[in-house]
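Colleague: One-letter residues, chain by chain:
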Amino acid sequence: MLAAVAILFIVWVIAAAQATHPKQALASQDANTKFFETVRAVQTANLAGATNGELTGSVEKLNQALELIESANELEKRGQLSDANNAAQDTLQILVSVQSEALSLQEKAQTRSQQQRLLTYALAPIMAFLTVLVYHYGGQAYRRYRVAKTMNMRVRVKPDARKK
Amino acid sequence: MLVRNDYRRTLLAIFLASLAIFTTLAYVATTPRPSEEFFQIYVLGEDHRLQHYYPNDNSSISPYTVVRWYVGVTNSMGSAQYAILKFKLGNASIPAPDENTSTPSPAPMLVQYSRVLLQNETWEFPFYWEIIGENQTGNAASLSLGVNGTTIKMPNPITQGGRNFRIFIELWVYNPASNSVEFGWEAGSQRRAAWLQVWFNATTPALGTA
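So the protein sequences, as listed, match chains A and B.
Start counting the first sequence at 1; every next residue gets the next number (the working numbering).
Start counting the second sequence at 1; every next residue gets the next number (the working numbering).
The shape of chain A in the complex, shown without the other chains:
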C-alpha cells in the first residue's frame, strides 16, 4: 500500500513537472526567438533609412528586453519558474511593441527615401530646362549688349593721328 502511494506520488511529481516546465521553457524560448526577430526588424528599418534618432527608443526597449531575458534565465536556473515565466511574458510584450514600432519606422523611412529619390530625379529635367533658358535668354541679353555697345560707339580722333 505504502509502495503504491509512493509510486503515485512520484508519478504526480513527474506529471506536475512536465506540465509546468515545458510552459516555462516555452515562454523563455519564445522570448529569445522574438528578441532576434525584433533585432532583425530594427536592422531592416535602419537599412531602409530610419535614423538613429528615430530608432533610439526602440533600441532602448530592446536592451530593456535583453535584461529581462537575462533575469528570466537566471530565475529559471534558480528554479523560480513562475517569476521566470512572468519576466519572459513581460519581455514578449516589450518585443511585440518594438517590432510594430520598427515596422512602422521602416514604412515611414521607405516612403521618405522614395519621395526624396523621386524629387531628386524630378529636379534633373527642371534643371536641364533652366539651363536651356539661361543659354537662350543669356545669349539674347549678350547679343543686345553687343549691339548696344556697337551702336553707342563714337568717333574720336586720336591726338597723335592729327599730327600725322
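If you are wondering where the hints come from, they were derived from the structure by calculation, not from laboratory data.
Check the hints yourself; a few may be wrong.
What the hints assert, rightly or not - Mimicking SDA-like on lysine to any residue, the simulated pairs with C-alpha atoms at most 20 Å apart in a straight line are: (1) LYS108/A / THR30/B; (2) LYS108/A / PRO32/B; (3) LYS34/A / GLN106/A; (4) LYS108/A / GLY78/B; (5) LYS77/A / MET109/B; (6) LYS34/A / ALA177/B; (7) LYS153/B / GLN112/B; (8) LYS61/A / GLU121/B.
Following the hints, complete the assembly by docking chain B onto the known chain A.
Modeller: Frame of chain A, contents of chain B only:
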C-alpha cells in the same frame, strides 16, 4: 529658317546634355556610398587610458586587489547591431582566438555582457575584477574571481605557480543571415573578428610571489 532650325537643334543638344549631367548627379546623390563595416573594441586602464592596467603597474595580482578596466565597443556596421562581449580565462597553453579562421578561443567563459548598439554608438562599461580565491594541486593553481561583484569559480584553466593567466575579450555579433550569434562579423564578402587579451600572474599567499 535654316539658322532658326540650327538654333533649335543647339537648344535641344544643350537640354539633352544637361539632362544627362543632372540625372547622373541625381543618381550619385541618391545612391548610398559603400562604406567599410567594422566594429572596434578596446580595454582601458583605471584612468580611462591605454595604461595602468594593473594596480601599481604590477601584473602580479594579489588576492582582493581590485583591478579596474573599462571595456568598450563601437558599432560602425551601418545599422543597429546586437553585440556580445565574452570574457574568457586562459593560460599560456590554451589557444587564443584566431581572426583568420574566425575561431574563438576554447578557454572557459568567465562572464559575458551583451547589448544592442545603434550605428556609430560606443558602449563602454566598467570591468572590475579581483582574485578572491585559489585552488591548488601541487604547484598548479586555478582561480576564483570576483567580477563586477559576482563570484565566479574557475576550476580551469590551471597554471604553474599561478603564472601566465590571461583574460580574453571576444566580440560576438548576431548574424541575421544565419540567425545566430557568431564570433566576428561579415563585412561584405569577408569575415572579420576582434578580440583582446591581457596577461596577469596570480600572487597567492600559499604560492608566494608569482
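Colleague: Take the hints in turn and mark each one as holding or not.
Modeller: Structure-based check of each hint:
1. Restraint check for LYS108/A and THR30/B: the C-alpha separation of about 17 Å stays at or below 20 Å, so the hint holds.
2. With a CA separation close to 18 Å, the supplied pair LYS108/A and PRO32/B stays within the 20 Å bound.
3. Under the criterion of a C-alpha separation no larger than 20 Å, the hint pairing LYS34/A with GLN106/A is consistent with the structure, at around 18 Å.
4. For the given pair, LYS108/A sits about 19 Å from GLY78/B by alpha-carbon distance, which is consistent with the 20 Å threshold.
5. Restraint check for LYS77/A and MET109/B: the C-alpha separation of about 17 Å stays at or below 20 Å, so the hint holds.
6. With a C-alpha separation of about 16 Å, the suggested pairing of LYS34/A with ALA177/B holds against the 20 Å cut-off.
7. The hinted pair formed by LYS153/B and GLN112/B meets the criterion: a straight-line CA distance of about 15 Å does not exceed 20 Å.
8. In summary, the hint linking LYS61/A to GLU121/B is supported, as the alpha carbons are separated by about 16 Å, within the 20 Å threshold.
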